[in-house]
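Q: So you can see what is in the structure, the chains are spelled out below.
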Amino acid sequence: MKIWDKGFTRGIRGGFLAAVVLAALPAGAAAQEKVRIGLLTTLSGPAATLGQQSRDAFLLAVKTLGGKLGGLEADIVVVDDELKPDVAVTRARGLVERDKVDFVVGPIFSNILIAIHKPVTDAGAFLISPNAGTSNFAGRQCHPNFFVASYQNDQNHEVMGKYAQDKGFKKVFLLAPNYQAGKDSLAGFKRHFKGEIVGEEYVPLNTADFSGELAKIAAAKPDAFFTFMPGGLGVNLVRQYHQAGLASTIPFLSAFTVDESTLPAQKEAALGFFGGSNWAPDMKNAQSEAFVTAYEAAFGTVPGSYAMHGYDAALLIDAAIRTAGGKVSDRNALRAGLRKADFTSLRGDFRMGANHYPVQDFYVVQVVRRPDGKYATSLRQKVFDDYVDAYAKDCQMRAN
Amino acid sequence: MSATLLSVQTLNGLQLGVLLFLVAAGLTLVFGVMDFINLAHGVQFMIGAYLAAMFTALTDNFFLGLGLALPAALTLGLALEWLVFRHLYARDHLDQVLATFGIILFLNQAVKFVWGAAPLSVPVPTLLSGSIQLMEGLRYPIYRLAVIGAGIAVALLLSLLVSRTRIGMLVRAGAANAPMVSALGVDIGRLFMLVFGFGAMLAGFAGAMVAPLVSVEPGMGDNLLILTFVVIVIGGIGSIRGAFIAALLVGLVDTLGRAFGPLVLRLFLDASAASQAGQALAPMLIYILMAAVLFVRPAGLFPVRR
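Quick mapping for you: the protein sequence lines, in order, are chains V and X. The opening residue of the first sequence carries number 1 in the working numbering; numbering runs sequentially from there. The opening residue of the second sequence carries number 1 in the working numbering; numbering runs sequentially from there.
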């Protein structure tokens, strides 16, 4: 009883103290401006590893910058969207209305992005996506307060389609989960691939056993196989593809299927498999090498593109505030800074396109075993240079 | 469509069938004997997979891992029965559904807490890691054949246990009329506990067996649970034999429907429409099967006489 009592009074006292501090804040803020950031990613559910990579890398970037962004002290609130659009909207509203953040950085998944886009931009905050880049916001619905630090969703699939075309594959078998992103993926692949599609299969999102599809692939005898199987789906497909002995006969092309978030579970079954990406941990530049070393030292795992985008999102904000002269309240200056994107991206060649989606290079990557025994993707060849997404031409960006 | 493709897909269907049977056997007994709806049965499948993954990683040997995972799954099942489920037997089905649904949420999060959110993987044991050539370009993994074999062996063992032993007789009697068994002086509480623990272990065994095939992740048992309920409804609640037949039926219909449904439809429709319709129809097939079975035999294929 006594302990409870003590805690209770301390709680009251703490609350009172917080109220006093909060009341004093506006005066303090004028003297030393702060930047408030809400980090909204998926931190629970089977896809939590993606959100964790993104969050860890963003916080790592802020730590590397001395706890500051653009020279201002950074106040960061981390929230979990639970991969549920309704939850995400509530949390996003909380960030812009209660916490009064200047930037919301998130989310990982496209359906969440579509849900939180309006609440965040309506409130006058900037929304920086560290992963999802849907076609609607790249084209007609582009928005002056929305920026993407990653890519347009279709692009990694297009890389593989172009690669299959350049390689001279005549017959390709396609497999994707039966939902919007799966259909977009195969459409993206077909944008540059002109050969024959000998099979196009869609499986339920909760498929665990692909034995039926694998038998069909073997029977169709394609020159190559392309798939989009994110997360646990990809782990199952890759291991079963390997177990069925197809890995040695039919090249495995993919997007978001073999990456650093799934490789710890796929291991040697994914060796030699191909993916499309804008970066790989073995990219040769000083900033990327330093990032990979720091990330591995801090978290013990190899960073994937989710982590790279999270880190770059922090650098982008840092550069924008610097360009705006540290005046976070001046939204127009901040926006100009975000458009200028005056920072050295981990992926090297990077600029912000007119629709606020990156213009960057894309590569074919391949899974390798590193000398230390860990599995990672490795750059093989550049497929697109300074690639602008297919929807940018539909965007008429307002000035503010 | 070639004969080899058909035989490969039949094997795939059999494999899904025996897995469903291992999970359904426990569920149908618990439902039939105790009149207890246990939604958390799928979670025990997941726990079995996680335990196998953990013990395999610790001992570096899949069979040793499996051997350790089984008693651990049994212990966990008994503990759950003791802590939660036995307080629910006397209550109505809605309470049972709510409480066991709560267990699903709790254990899915607990698993994430203990083992992390990232999917785990279990290597295929080297003894069974090879594959045999079944058709041109496709090698069928020996491990999958082993899963089928193990499932059928367990089914045989179970049918012997239920039909030839004293404990099996009590279980059958309990399924037919539990109050009468109790009135005859059998400790029905202990019988329930035994059945429950055994069912949990079977589900755990199924989970451990698939661990080398699929990724071990939170919530992996939830999808299977729905199929399992379809199986026990088709088979007749409380009937092991019914569960076995129904599991194989559901496994085959589901797999073959997915594989050949579009091909059959192509006889009537053009290619793209057939593929569209086939993909929409395939997941429905087992429910159509269930409706058809219930139409002809409302209590399932092998109803337990009451």
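None of these hints come from the bench; they were simulated from the model. Hints are not guaranteed to be accurate.
To be verified - Interface residues of chain X toward chain V, partial, derived using beta-carbon atoms under 10 Å:
id	residue
1	T75
2	W82
3	P125
4	T126
5	L127
6	Y143
To be verified - Which chain X residues stay away from chain V? Per the calculated CB distances, all over 12 Å, these:
id	residue
7	L16
8	M180
9	L256
Just so you know, these numbers come straight off a predicted model, no measurement behind them. Each residue gets a CB set at the ideal place from its N, CA and C atoms; glycine is no exception.
Q: Work down the list of hints and note, for each, if the structure agrees.
A: Results for each hint:
For T75 of chain X, the interface hint is violated, since its Cβ never comes within 10 Å of a Cβ in chain V; the closest pair sits about 26 Å apart. The interface hint given for W82 of chain X is violated, since its Cβ lies 29 Å from the closest Cβ of chain V, which is over the 10 Å cut-off. At a threshold of 10 Å, the smallest CB-CB gap from P125 of chain X to chain V is about 12 Å, leaving the interface hint violated. For T126 of chain X, the suggested interface contact is broken, since its CB lies about 13 Å from the closest CB of chain V, more than 10 Å.
Restraint check, L127 of chain X versus chain V: the minimum CB separation of about 15 Å is more than 10 Å; hint violated. Proximity of Y143 of chain X to chain V holds as hinted, the smallest CB-CB distance being about 7 Å (cut-off 10 Å). Under the 12 Å C-beta cut-off, the non-interface status given to L16 of chain X relative to chain V is violated; the minimum distance is some 7 Å. Its beta-carbon lying about 42 Å from the closest one in chain V, M180 of chain X satisfies the requirement of being farther than 12 Å from that chain.
Taking the minimum C-beta to C-beta distance to chain V, about 8 Å, the non-interface status of L256 of chain X is violated against the 12 Å cut.
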